[in-house]
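Trainee: Sequence:
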Amino acid sequence: MKKEKKRRVFALFCLVSFLLIDNYNKDLTVRGDMDIFSFISTLFLWSKEP
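Each residue of the sequence shown is one higher than the one before, starting from 1 at the first, in full-length UniProt numbering.
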């Protein structure tokens, strides 16, 4: 249970960092959005792992 929560917090931290970095690089528009989508999908699949 503790490990699962830690993993969720880490995933959230990664997502926030990624969004901040992406927001900082404004010139990555469409490509950036696609990257965010694939990043979220990867995180979602990763968090589903046993």
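Please note: incorrect hints may appear among the correct ones.
Claimed, not checked - In silico BS3-like pairs for lysine-lysine, Cα to Cα no more than 27 Å straight-line:
1) K5 <-> K48
2) K48 <-> K2
3) K48 <-> K6
Hint data in this document are derived by calculation from the structure and do not stem from the laboratory.
Trainee: Between K48 and K6, does the CA-CA distance stay at or below 27 Å?
Mentor: 14 Å, holds
Trainee: Please work out if K5 and K48 have their alpha carbons no farther apart than 27 Å.
Mentor: Roughly 12 Å between the alpha carbons, so the hint for K5 and K48 holds.
Trainee: Does K48 pair with K2 here, judged by a C-alpha cut-off of 27 Å?
Mentor: Answer holds: K48 to K2 is near 15 Å, not above 27 Å.
Every hint, counting from the list given before, is met by this structure.
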